[in-house]
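Colleague: Going left to right, the sequence shown walks through residues 1 to 696 as full-length UniProt numbering numbers them.
No lab work stands behind these hints, which were simulated from the structure alone.
Quick caveat: nothing in here was measured; it's all calculated off a predicted structure.
Some clues are possibly wrong.
To be verified - Straight-line Cα separation of at most 27 Å, BS3-like style, residue types lysine-lysine; simulated pairs:
{"id": "1", "residue 1": "Lys372", "residue 2": "Lys258"}
{"id": "2", "residue 1": "Lys182", "residue 2": "Lys247"}
{"id": "3", "residue 1": "Lys475", "residue 2": "Lys535"}
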Amino acid sequence: FEKKMHPNQSSSSGVRTHHNPRTGLGNQHHPLESVSMSLGPSDGLHSHTLLLDEERGRLLLGARDHIYLLDPEYPDKIHWPASPEHVEMCRQAGKHPNCANFVRVLHNYNHTHLYACGTGAFHPTCAYLRITGTREDGMFQLLSDTEESGRLKCPFDPVQPFTSVLTDQFLYSGTSSDFLGKDASFTRSLGPPPDQHYIRTEEAFSGHWWLQKAKFISAHPIADTYNPDDDKIYFFFREVSQDGNDKSIVSRVARVCKNDVGGLRSLTHKWTTFLKARLVCSVPERTGWTQDIFMLPSRDELNSPLPPRSSLFPGSAVCVYSMADIRAAFNGPFAHKEGPDHRWVEYEGRIPYPRPGTCPSATYDPRIKSTKDFPDEVVSFMRLHPLMHRPVRPITGRPVFMRVRADYRLTHIRVDRVTAEDGHYEVMFLGTDVGSVLKVVSITQENWASEEVILEELQVFQPPSPILSMELSSKQQMLFVGSTAGLARVALSRCPLYGQACADCCLARDPYCAWDGHTCARYIPASKSQTTDIKNGDPATQCWDTEDQARLWVQNNSTFLECVAKSQQAQVQWYFQRAGSERREQLLPDERLLHTDRGLLIRSVQPSDAGSYTCLAQEHSHFTHPLLRFKLQLVTHGQLAANGKHRYKDYLRLMSTPYGSLEEYCDSLWLEKKPRRPKHMQEMKKSRNRRHKHTL
Numbered sequence: 001f002e003k004k005m006h007p008n009q010s011s012s013s014g015v016r017t018h019h020n021p022r023t024g025l026g027n028q029h030h031p032l033e034s035v036s037m038s039l040g041p042s043d044g045l046h047s048h049t050l051l052l053d054e055e056r057g058r059l060l061l062g063a064r065d066h067i068y069l070l071d072p073e074y075p076d077k078i079h080w081p082a083s084p085e086h087v088e089m090c091r092q093a094g095k096h097p098n099c100a101n102f103v104r105v106l107h108n109y110n111h112t113h114l115y116a117c118g119t120g121a122f123h124p125t126c127a128y129l130r131i132t133g134t135r136e137d138g139m140f141q142l143l144s145d146t147e148e149s150g151r152l153k154c155p156f157d158p159v160q161p162f163t164s165v166l167t168d169q170f171l172y173s174g175t176s177s178d179f180l181g182k183d184a185s186f187t188r189s190l191g192p193p194p195d196q197h198y199i200r201t202e203e204a205f206s207g208h209w210w211l212q213k214a215k216f217i218s219a220h221p222i223a224d225t226y227n228p229d230d231d232k233i234y235f236f237f238r239e240v241s242q243d244g245n246d247k248s249i250v251s252r253v254a255r256v257c258k259n260d261v262g263g264l265r266s267l268t269h270k271w272t273t274f275l276k277a278r279l280v281c282s283v284p285e286r287t288g289w290t291q292d293i294f295m296l297p298s299r300d301e302l303n304s305p306l307p308p309r310s311s312l313f314p315g316s317a318v319c320v321y322s323m324a325d326i327r328a329a330f331n332g333p334f335a336h337k338e339g340p341d342h343r344w345v346e347y348e349g350r351i352p353y354p355r356p357g358t359c360p361s362a363t364y365d366p367r368i369k370s371t372k373d374f375p376d377e378v379v380s381f382m383r384l385h386p387l388m389h390r391p392v393r394p395i396t397g398r399p400v401f402m403r404v405r406a407d408y409r410l411t412h413i414r415v416d417r418v419t420a421e422d423g424h425y426e427v428m429f430l431g432t433d434v435g436s437v438l439k440v441v442s443i444t445q446e447n448w449a450s451e452e453v454i455l456e457e458l459q460v461f462q463p464p465s466p467i468l469s470m471e472l473s474s475k476q477q478m479l480f481v482g483s484t485a486g487l488a489r490v491a492l493s494r495c496p497l498y499g500q501a502c503a504d505c506c507l508a509r510d511p512y513c514a515w516d517g518h519t520c521a522r523y524i525p526a527s528k529s530q531t532t533d534i535k536n537g538d539p540a541t542q543c544w545d546t547e548d549q550a551r552l553w554v555q556n557n558s559t560f561l562e563c564v565a566k567s568q569q570a571q572v573q574w575y576f577q578r579a580g581s582e583r584r585e586q587l588l589p590d591e592r593l594l595h596t597d598r599g600l601l602i603r604s605v606q607p608s609d610a611g612s613y614t615c616l617a618q619e620h621s622h623f624t625h626p627l628l629r630f631k632l633q634l635v636t637h638g639q640l641a642a643n644g645k646h647r648y649k650d651y652l653r654l655m656s657t658p659y660g661s662l663e664e665y666c667d668s669l670w671l672e673k674k675p676r677r678p679k680h681m682q683e684m685k686k687s688r689n690r691r692h693k694h695t696l
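With the hints as constraints, model all of the structure from the sequences given.
Modeller: Written out as structure tokens, the structure reads:
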């Protein structure tokens, strides 16, 4: 399922979004268990690449001149700098301060080895790493004798958009193939013998329209059918349109067959099954391009973010695509153009057999066992018609989440499928270019309308630093976030932050959380004592708690009633009910009543102010619930003067006697003032005591 973050969207799309996060936190407010900085810039950190190993419970980090093994039992790191010669050549070329080895490729190769590549001071280099079970065996070690060129596997530039995936011992990479970054290529390398040769896209200078200044985002191996010969690699990128005179940036999805070994003549060592289609995630006259992709395999759907084309409508959005729609686009009509200045139109001519883009398979046609068996007309057609005519549109026809005129862009996305008491929900974690993470839940109502609720906006890095990588661990219930400032570990849920009231917990609509009768806690599916309402967020059916407070106020003095809603989506209102009256009226600001973000300030309290004050929070435009209720009892100056007895003797006695606490002193003082019982009552008590003593 693709959620695609796309900019320049307006609220006219019909998606209902709560734009204010329910909680907003800076990193100085994080609970210690929520965010912990594992590494810092003093270690030369530049967190480009994260490799999460859920099975072994460890995280690997590719950074500047280092690879870190973040293992709870055996943490370790490898120093892997670029060669001094390459660093000097890089500086002479004016590429400082990027003249270092920034690790951009980090994959599990097998159970004992990893494959890693770094920029190598603009001389990409790759090598194998050994990772075993014990420190005595050299648990984490770079195998220097396996170093090889990383060209077409790893980018030259550490800030260049790039993607790679390793599957079946083959490495698929989308990167530039030259020092200047002008020739972009999607390439397959490595592989078991004797298949160790490159397969790549056509060069940019070939005059064809395979890739035009492409910036790669993500790649995923996907099984399209039950036949393993039909397995493909889908990759996502953005490129220049090349549609007539239109040179705008567009988002693309492309695919190649995993068993593609290139052509026999014209496409030797080139893909013969390469096809691409446009991804649309916009409202009318607003376009953008992909920033990130996340695959949710259980739903056969994809996810991705995009930045704006225009500064007039800055913002970002998220779209959801189904793989069925993507496959339908690749099975649809091809696009055709007569020349460089012509526009793409639908191809209406004869399509050769087998259909271009079909993976070779003995099941499909026994005569075609390899891509080298494709007829020449199929190969020629593929070379001239790489683009599909029909674009891929979102499932709902519009973005499911938008942020318009925000002071940041969404750049990364990860999705967790969460089981709550009333169903299953997708929770999105959206990284930004200012170091913050948005936590958003997508809620589908009974009429199939989509509602997006921003649960949290968390400032992970301070000062702001663009997020470079994110990985979500469902097993550890953690989100790992990397940037130039360091690496952070963020808990997926922080239920107590929503408040200590049942209504606050229910209104939060966080699928991770539920009310257990005492506090807002992590939801446990097997628990029968927890309650929540994610779909409607209506505490009226779940909660019955309101806190009452009594206050004594002095006439002509000012007083402050503190009441703060835990939710930033709530609007606070104040109501007043006079003593002895059944009528309740709303309090509006005037010269004596001052409404603040923290509560209500009443200046110069008068006898007419005595009564009940209720602080209400209105949320979801229809639900109102009381947060606090204050009962005012007025104390006059005369009453204060009448009780003005000096108690300096009591204070001296308190300091000179060994009372354990002020409470014990108050208890003893109360006993002294307690009225004595009549003498005959005391005698009766003594008699009973003697009788009980005798009985025992």
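Colleague: Which numbered hints are broken by the structure, listed smallest first?
Modeller: Hints that this structure does not satisfy do not exist here, as all of them hold.
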